[in-house]
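Starting from the known structure of chain S, fit chain G onto it as the hints suggest.
Those protein sequences? They're chains S and G, same order as listed.
My numbering numbers the first residue of the first sequence as 1 and each following residue consecutively.
My numbering numbers the first residue of the second sequence as 1 and each following residue consecutively.
There's no promise every hint is true.
It does not matter which identical chain is used: a pair holds within one copy or between any two.
[As the list claims (entries may be wrong)] Listed below are the simulated PhoX-like cross-link pairs for lysine-lysine, each with C-alpha atoms no more than 25 Å apart in a straight line:
no.	residue 1	residue 2
1	K350	K302
2	K571	K396
3	K71	K588
4	K400	K581
5	K758	K45
6	K400	K588
7	K71	K400
8	K588	K396
9	K238	K110
Since the hints were derived computationally from the structure, they do not count as laboratory data.
Note that this is a predicted model, so its numbers are computed, not measured.
Protein chains: 2
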Amino acid sequence: MRDYIKKDPWNIIEEGFDPALNRISESIFSIGNGKMGQRANFEEKYSGNSLRGSYVAGVYYPDKTRVGWWKNGYPEYFAKVLNATNWIGINVNVDGEELDLATASVANFKRVLNMQEGLLQRSFVATLASGKQIEVQSTRFTSIVDTDNAVIRYTVKALNFSGKLSFTPLLDLNVVNQDSNYDEQFWVEISRTAETGSAAITGETKKTAFHVATAFSLSLEIDGAPQALQAEPVSKEKFVANVVHVDIAQGQSVSLIKYVAVISSLYAEKATIQTTAQASAAAAQAKGYEQMLSEQRAAWAKKWAECDITIEGDVAAQQAIRFNILQMNQTYTGEDERLNIGPKGFTGEKYGGVTYWDTEAYCLPFYLKTADPKVARQLLVYRYKHLGRAIENAAKLGFKHGAALYPMVTINGEECHNEWEITFEEIHRNGAMSFAIYNYINHTGDVGYLAEYGLEVLIAISRFWRQRVQWSDRRNGYIMLGVTGPNEYENNVNNNWYTNLLAQWTLNYTRESLAQVKASDPVRYAEIVAKTQLGGHEDEETIWADVAAKIVLPVDAPTGVFIQHDGFMDKELLPMSAIPKGEYPIHKNWSWDRILRSCYIKQADVLQGIYTFEANYDKETLKKNFDFYEPLTVHESSLSPCIHSILASSLGYEDLAYKFYLRTARLDLDDYNHDTDDGLHITSMAGTWMSVVEGFGGVRVQQGVLHLNPSLPKQWQGYSFRITFRGALLKVTVSSGSIMIENESDVGLSLQLTGAEKQVAARQILTVAR
Amino acid sequence: MRDYIKKDPWNIIEEGFDPALNRISESIFSIGNGKMGQRANFEEKYSGNSLRGSYVAGVYYPDKTRVGWWKNGYPEYFAKVLNATNWIGINVNVDGEELDLATASVANFKRVLNMQEGLLQRSFVATLASGKQIEVQSTRFTSIVDTDNAVIRYTVKALNFSGKLSFTPLLDLNVVNQDSNYDEQFWVEISRTAETGSAAITGETKKTAFHVATAFSLSLEIDGAPQALQAEPVSKEKFVANVVHVDIAQGQSVSLIKYVAVISSLYAEKATIQTTAQASAAAAQAKGYEQMLSEQRAAWAKKWAECDITIEGDVAAQQAIRFNILQMNQTYTGEDERLNIGPKGFTGEKYGGVTYWDTEAYCLPFYLKTADPKVARQLLVYRYKHLGRAIENAAKLGFKHGAALYPMVTINGEECHNEWEITFEEIHRNGAMSFAIYNYINHTGDVGYLAEYGLEVLIAISRFWRQRVQWSDRRNGYIMLGVTGPNEYENNVNNNWYTNLLAQWTLNYTRESLAQVKASDPVRYAEIVAKTQLGGHEDEETIWADVAAKIVLPVDAPTGVFIQHDGFMDKELLPMSAIPKGEYPIHKNWSWDRILRSCYIKQADVLQGIYTFEANYDKETLKKNFDFYEPLTVHESSLSPCIHSILASSLGYEDLAYKFYLRTARLDLDDYNHDTDDGLHITSMAGTWMSVVEGFGGVRVQQGVLHLNPSLPKQWQGYSFRITFRGALLKVTVSSGSIMIENESDVGLSLQLTGAEKQVAARQILTVAR
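Just chain S, with the same shape it has in the complex:
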């Protein structure tokens, strides 16, 4: 854990330059707009420790897998979103001396992520070896209005000299992924051009043949006044640039404005992609920096109005929750059904930028409550479009009749995780896909989704569960052998309670959904029956009902808790507090086999199931299981504490709820797990948001009705959050004495507030005492 980020409600601030922290800051100060993302690397040359990262959404490479011993069915590749053309580069030279913060003497260094406006700002004074001093100020942003564009305003002021200044704004395709499995270069150059004032370069990914064109157009100002640009174009292999020469006088400020376009072949014809990018950069230049900046501010203001959370009396918590909301919105905007959310978003290479069940289980609830329903819908359509691949994936594993197994890790629908115990066995993810459909419809009321897309997915997943279980005479029920539950600290277990529960639920929900579509849209129903050949090989609905009725979900007789899996109760059940000092986190201190046979749970498993279907369990059941499993859970997944925080809130365990909230809230800002240098924990940020809104706010949607049951952590004076629900936008403000609900929309709403039905009319405020 570290504590170098300055607390501020709207800004992330680093003061003073510590090279040892640079890779962490590069992650934290990342910017993005859903289509591209950029680590907070320096514009100017930097010879110190850095993980350069410029990422373009949806552009990936199928890197060869590494496995100890290849076995039948193993994925052939691990897809990874690539580090792409470095577009931020602006080398700075003063009278022949290169600016490099690793060698210059640096003062007044300040890096700010302005969350309100979506800007990265940096300023410092550098003293070069010659003694010449310059003050540098830079601002950059990836536009959330013109999503192909980014812009950098880079200003150098000569403090104690007059002389020759040169900027070398550049585009560099000599990039590698540090996580390349075999040190391969993934990019081939297709074309490039460099003229005075502009340049462009186009790369193609090997194997996948994506094209990405990157272009810039340049403007120059001295003391804020536009100048004609003097520049030499540079063009060499995988590299284009301009060298811009300026005579600078002491006290003068010279600003280079670099208007950038980054366009991939997901959005442009390959044949003309480079000229498209050049035109886009030129259009940004024509619009101008100030106009782009003002549009960026307005767009972010609109976003914040939909999803801001305020916390009174705890600036660290305030900063953290906004940081999480900012990063979620920088990562995914729901504009393209082909895109999804990697665990690190666009802030690093780890996990390859590809999609996990994190999306359905953690991110979906965030977007469902903070954005237009179409954003969440896109996440569902992404999986619908991959249904064919999920069926192929299951077929490779021996499943038949259109059974689908969604991948554990994917970018294009194909499985690409390379550990068998995850790839083949962590199949509860399939349940996350089906539950997401229910969750979406429950929140939005968009029942039409079922007929249009959802039902086909449900049928295919139900087929998988039906084939994956087997009847056991000895157990007098259906059993499911050889799975890995959410708790990845156990592998290859039998009858994981959570997995069996999701299988049971899916089978029931699919049958209900069939009945619903049959009644509401018989034509489409007939189409789906024909397309899926439903019932063609066996009486599927009857068998699904039988499996759902008879799948084993054992309760442990002595304790009355749900048994995590068949062998769990044989383990030596010691609380996490029994782990000796210095041996935590266990994944860094214990050998893997010791972890596997220990009772320690990496992330909520039975409790994840109870959380998912909370309405089905009474408080006593919840309490019994929480009290049993909570002490065994080590939360070495960043996705875990939020679930425990929410359940603790439900149980009125206020201190525990706040403790678990703290563990997630500033995970990256305080580098809690010593891994922020690899990138931010984007998908867990959704979990942090959930622990405020679902945990402290007590927000639930049950049977299509919004429930609120807010509590106030005693560490806070008050807090507010905004949620969108069925066309309404509510701001909920919780203080020590009252709960205020402001309906900021034109849609009135009936809701359950602390157990009582309330009406909140359009544009009205409802206040109740607490």
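Leaving out everything else, chain G in the frame of chain S:
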């Protein structure tokens, strides 16, 4: 399965050249002498499909591992025995045309592995593009007398022309391992020299810094008459050679004799290793080809006299069993305690040439009964010398107080398998190490071994088992969670019967051994107690007794069989015959997860345990378990059928015994598993030998007494085998009417023959009717 090897009792014969079979033949016709091994690659250039392999015992490289996701405790490297300097190369050029069997027209091709004499012979007629025809005959062997030396006699006869012939005998260090994980070159050149008539080159392995010097000295003959040698030395990077020019007349035969020395820094000072190799090659040349050949014949004759098996009425079986005995003896000779036996011996790269539990469980019984006890003893000393590393290995996994876990795969005592489910969990191997000590002493009567070496190993292994189990109130016994049994088609199971059984046995045997050494050698006992700090942290012997008494070894109530592991009986138990046609072998047709949750057993598991401690179980128990597990076992490990064959013989299941025998006997000669091109299944060959001697021969050693209980497969007219036992050498001949035991030694023996005690005096013959 293929059938291209000609049947012959003493020779392996390939007639006709089929490039598609070449890699298979390269494996089958491999030669070796325990210190070096050589695949049957061609001497002359060959541009077709080939796996070149020249291996030097004990010389390895720690290749970086490949794992999907590195976890704490994972090994850092996978050691592999390296492909070393190619010493067989003799390029042949006829009037400017290069001989290459991939491009020449080839007739009368014949490759023979002369098993009686340990020679590889090859002959063919090649017609070059020009129409010139040559007849080639080559003989080569790795001497089992001068173990640093090999020799090649390579003869070319001009059939239809007179002209210029050149030989280019060479030494080539430009070698790679095809299984290099990251395409690395493992060798660096240290020095080289080339003179007329001789050359030498020395390489060093990266990281491990082994040196290997290879040298040759040349002789030339025309029509059998020695000639002065005209040759140009060639020396370039990683390559030395001579170009030998000869004028050849039609009908003349020119022979090049290449005397080779291969010496590693295990046996020579690095500073002088190259001159040592040069001197050794020169000494071989001085001894001369005929003398070396005659010594080779005599040495092999002596070996065969100790361990030959004859089979009457089945030449295919006769050929196969001798092939297995030959390869076992080519791989390991027991002369160096630092060496061991890789699953492929020196015949390929697969499994890295490193040591598995195969050695103790399969190879040890072979050497115990066919060689001087010191050979088997060396295999035990190998593990004793690795005890420190095994203790370190266990410490890395969290074990304390001198507990040892021997590695699953090793060359120097460090673990280097890279799958967690094997490395960390297939811990039954530890039991194989302790049982080997018992087995050795039981066979040889060398009780002194216990005090000298064995007891320390037993204490360390017992400490491991004691810490690896845990008490369970619910089970009212000690349980062992998270293991992989011999059946690698299940992973991470609880209470594997075989593993628990070996733990129990080891704990008891260690206590007995302590008592024995305490009584017989109190001084050494005190030394060992002090060295191991026995009882220093707890009353170890009492606790071991408690664990052994209370470890769970459950019997299944409905069937009365031993339960392979806790979850096994929940599986759908279908016989192997239920696997649909075309889906066998399942490891090539089913995805890994499907295999894991199926009931199918890769190799004997419970039955391996019953086999190991057969004397402890009555026939009814054996029958019950055999009848239950046999139909579930798919034998996709080559180590499995032999155990089933032996137990089937015990039960009088003659057809089954013979069926399982057949599966192993010609595994490589008939390329049964389509993988002989990777190398031979050396360690399984010991299993084949066991199924004849222990299975059909019914040989057991119980309480130090030799038991014989021979049966005669109805497919054979008779058979004989030789075994050494406590100084006696017995030839046992079984025919339809009698069993004849010839004592070919000067040591008389009392034994149990079909249940009756018999005396076989020195040099006497005992015949009984059957």
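For each hint, the structure was consulted:
1. K350 / K302: Classified as neither: same-chain Cα gap 31 Å, cross-chain 62 Å, threshold 25 Å.
2. K571 / K396: For K571 and K396, only the inter-copy Cα distance (22 Å) is at most 25 Å; the intra-copy one is 34 Å.
3. K71 / K588: between (28 Å within a copy, 8 Å between copies)
4. K400 / K581: Between copies only: 17 Å across, 50 Å inside.
5. K758 / K45: neither (59 Å within a copy, 90 Å between copies)
6. K400 / K588: between (41 Å within a copy, 19 Å between copies)
7. K71 / K400: within (21 Å within a copy, 35 Å between copies)
8. K588 / K396: between (35 Å within a copy, 12 Å between copies)
9. K238 / K110: Neither, since 32 Å and 57 Å both go past 25 Å.
Going down the numbered hints, you'll see the structure goes against 1, 5 and 9, while the others check out.
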